[in-house]
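A.B. asks: One letter stands for each residue in the lines below.
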Amino acid sequence: MRRQFVNDPQDHVREALGGFERANAHLVRWDREGNFVARATPAAAPKVGLLAGGGSGHEPLHAGFVGTGMLDVAVPGAIYSSPTAAQFEAATRAVDTGAGVLHILKNYTGDKLNAGIAAELVADDGIAVERVLVADDLATDSDDPRAPGRRGTAAVIAVEKIVGAAAERGASLAELAELGQRVADGSRTLALALSSCAHPGEGHPSFELADDEVEFGVGIHGERGIEKRPFAPADDLARQLVEPVADALELKSGEQVLVIVNGLGATHGLELHVVFAEVARRMDARGVTVARSLVGPYLTALDMAGVSVTLIRVDDAMLELWDAPARTSVLSW
Amino acid sequence: MRRQFVNDPQDHVREALGGFERANAHLVRWDREGNFVARATPAAAPKVGLLAGGGSGHEPLHAGFVGTGMLDVAVPGAIYSSPTAAQFEAATRAVDTGAGVLHILKNYTGDKLNAGIAAELVADDGIAVERVLVADDLATDSDDPRAPGRRGTAAVIAVEKIVGAAAERGASLAELAELGQRVADGSRTLALALSSCAHPGEGHPSFELADDEVEFGVGIHGERGIEKRPFAPADDLARQLVEPVADALELKSGEQVLVIVNGLGATHGLELHVVFAEVARRMDARGVTVARSLVGPYLTALDMAGVSVTLIRVDDAMLELWDAPARTSVLSW
Amino acid sequence: MVSTLDGAASRAWVEAFLGAAERDVTALGDLDRRAGDGDFGTNLTTSVNAARRVLADGDAALPAAAFAALSTAFLGTGGTSGPLYGMFFRELGKAAGDQPAIDLPTLAAGVVAGVDAVCRLGGAEVGEKTMVDALRPAADALAAAADAGAPLDGALADAARAARAGSDTTATLVARRGRATYVGDAASGVTDPGAAAVALFFEAAVANHL
Amino acid sequence: MVSTLDGAASRAWVEAFLGAAERDVTALGDLDRRAGDGDFGTNLTTSVNAARRVLADGDAALPAAAFAALSTAFLGTGGTSGPLYGMFFRELGKAAGDQPAIDLPTLAAGVVAGVDAVCRLGGAEVGEKTMVDALRPAADALAAAADAGAPLDGALADAARAARAGSDTTATLVARRGRATYVGDAASGVTDPGAAAVALFFEAAVANHL
Ligand SMILES: Nc1ncnc2c1ncn2[C@@H]1O[C@H](COP(=O)(O)OP(=O)(O)O)[C@@H](O)[C@H]1O
Ligand SMILES: Nc1ncnc2c1ncn2[C@@H]1O[C@H](COP(=O)(O)OP(=O)(O)O)[C@@H](O)[C@H]1O
Ligand SMILES: [Mg+2]
Ligand SMILES: [Mg+2]
Ligand SMILES: [Mg+2]
Ligand SMILES: [Mg+2]
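Chains as they are written, first to last, in this note's numbering: chain A, 5 to 337; chain B, 5 to 337; chain C, 199 to 408; chain D, 199 to 408.
Here chain A stands alone, though its shape is the one from the complex (with noise of 0.2 Å):
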């Protein structure tokens, strides 16, 4: 059975939100009234405020990427669900210093649908908001124009880094808007679990695995992937990961990558670097350069055994601008 560190499950976020909190004092405040996470001391010069929202559950998304270089704020919802209207709404009229609002989303409907309507609500009062939108699960990738199209993951933390660099240097929010969308849209992500995982004061994972399978192609809500695979040694699964999302991004020898390999939870931190020594060698066979590159649990779905590679294409700008000073509890360099 699971069982986890939690006191009321219906209160576990903001608890959580209030340790996180006075742990990172120096760095971030929570606004309990409006509930978002916000920079201790906001950006000194007007600048175009960077917002970054979704369910909780994925910690130390977002709110770890707090700070100068990254985010002015981020928006959590409860676990797995959307932040509300009003959340987004008082977290972006909180950010905006007249130079407008980027909304920094992952590609879930109700996301879309609470911060489309805070940007409706402060456009009232001439708050420009644009928003970039993170798809990147190959898992879901699909022909069909109905479909909701990719989900949204690991990629984002590409989006965040980067944007924020530029927005620290002033750049527009047309101009951020732009560069973020192209930052996502040349990443793709896939990820497989080993085990599912389970809310807080759950007692089993939402859902089973035989010893002999993994399930391949999981996003990062305790759902079931696109299929059963069998298990394998890392090196196996690493490339069934990283090969169609190479491929998926038609990369070619002599290309630059960033690379994020991301523990969805439980997955030790020997297993990650296990899995991305295997993808390094791929992008080596491939004549690509791993330019840079993120190991760790960043993006994390509760306590899921597995794992996510995202492979996210760079220019020598994009690079330029990862390598600026960031200063947040998560990345700071």
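These are calculated hints, taken from the structure and not from any lab test.
Here a beta-carbon is modelled for each residue, glycine too, at the ideal position from N, C-alpha and C.
Some clues are possibly wrong.
[Unchecked claim] Selected chain B positions facing chain D (in silico; Cβ < 10 Å): (1) P87; (2) A89; (3) G114.
On the provided structure of chain A, position chains B, C and D with the ligands as indicated by the hints.
C.D. replies: Positioned in the frame of chain A, the structure of chains B, C and D with the ligands alone reads:
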């Protein structure tokens, strides 16, 4: 059944080190011959070399703390096993600039034996070595003089950070040894597990727990704790950890502590922050200031679900060193 | 025969709706459990409680304040229904403006604008087993009554009947929007809770003898 | 009658020991499984393989090189036995220095210094069910023979007998050091593998007809 991303379990640590080196090439290099992880760019000015070593399976410890302002070199053993004397020797030689090398060890027989032998071997060549022994685990406190003493756990991170900053400023080997031991001696930790850990390639954790019990007083190697206690809400469990630790340190109102709420592997960030919130409230109730804190998976026990709570008594001088710049793959500010 | 809705009447309508929603919340939640993801009841309860709080602070003399209270409460609630209802009620409030009492043309215009906002934001049309199946007929009925110069109370009764009828048809429809699409045929025979709540809203106007 | 050990003889001794260790590794590992944590066999195999590699690169003319190869290999191996054996062999090499051949007093001094290092670093004394129970009697035998001016081959035979006898006594002892302490009485009747491997080392000198 537990499953992991693993190829050959015997080669797991080496494969992961290869991945770690590649993902952090700007910060570290993995010396394959000597089998240690050193800074990519050795300290420029002559300074005391800071070495920490111990078994693997605890990642990001210690390699994640190699970099400016913290360690010069980390020495990784096999999973849950001491590095060899030859590793300690090679690593010690690699980071000596003439100012001597400080061995930061957690209190385990094998680590002490092998590092001690290395110290003897390099002494033949005039390299001075001093040792800080971290023995913070209250669960293994004992009055028996023949007992091996308290185990070393997460307090080692505070030692590495504080001593690391002092070393960067040119403190002598003797000063660093004294400072580090003072930090270590003012630290205590207690941990509990909601489920034990499985080694890479193994299907079952080292022990099983009933649904209504937790393993109290666990160490970091999947061994049983000192007793079973009833499963309880997070705040209750947090108090069972923090109160004896605060009592053991005889913390008085007006004192300052560093708090480390550490995830043992599979425990989610939301949970860790819920636990931290209660730990901080307990400090408030005692009039003790939570001066700084770390909340996250810093010293893991593979995929164990559990948490450790560490309190470290600090003075202003230590805090100033804590706040000094560091550039490592895990802590960076 | 009533021809306008003042602040007190608007507030009475809103309160009657909150009471009805509270009374039926379990049944509505159950519909979402059978043809959705089951959280409609929780979401509705959150909205109802929030609306009561906001209403208490509002200006009792203004019809707009009553509708704005609903808007604020629903916009602060999760799920798909929360923001859509929130935007629907927002249009009602906007139409009312700062008038001390609103007439049928004003109300009809607000409801039509509200349904348009829901359709624009949610992308649904009539026949896709959503709240729109109750909203659109109600808006049409009000607009027709306004064009015909009909009295307000009769128009609201028409709207309530139209909303209920629209809601009832959803039981025969296959979902093409929202979470109900995931359960497919299992939802056939189940009324859409979002539509049923819309019927409750217009029926509350009638039951309240406006 | 042999009075000194040259480079070739030292190397032959070391190789005979590696062969014997390899032959008995399963049995030794099994002892650690019954009265320890079971990794003695794996540790020993690692050391044996590493020793063969280091030996191949060493100076075949120097006795010190043969012992230093063992030292390097064992110091590069995990477990408690690896570093202790490594330091034991290191003292043998240090005693041999750069002499092309070593006599009994030199060998005896090296073995005594080696056992002293093991005791100092490991903290064990005779009677605690460790490698010391075989090492100390062997050192005493060599030292006595050296004092008596005995020939080298006879002295080594004495040392081998003493080491084996000491190793055999460990079956009757209760562990007071190392991992065997954790299993307590379950280890009674089980010979200590670390001591048994020491016996193999001295027996290898005799079997090799030095
Ligand atoms: N795209 C849409 N347009 C209009 N109404 C919708 C849409 N999607 C869902 N709904 C309405 O929302 C109701 C479900 O609300 P709720 O349970 O709160 O949201 P969720 O489906 O996100 O869990 C449905 O009964 C339906 O009436
Ligand atoms: N403190 C000690 N002093 C001397 N020898 C020891 C000591 N502890 C253990 N040993 C020896 O080491 C052997 C076990 O070695 P090994 O299995 O490699 O190490 P570990 O006990 O760390 O797994 C024992 O059989 C014993 O002879
Ligand atoms: Mg629902
Ligand atoms: Mg829902
Ligand atoms: Mg052993
Ligand atoms: Mg062992």
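A.B. asks: Does each hint fit the structure? Answer for all of them.
C.D. replies: Evaluation of the provided hints:
1. P87: Result: holds, 8 Å to nearest chain D Cβ.
2. A89: Since the shortest Cβ distance to chain D is 4 Å, the answer is holds.
3. G114: holds, 6 Å
The structure agrees with every numbered hint stated previously.
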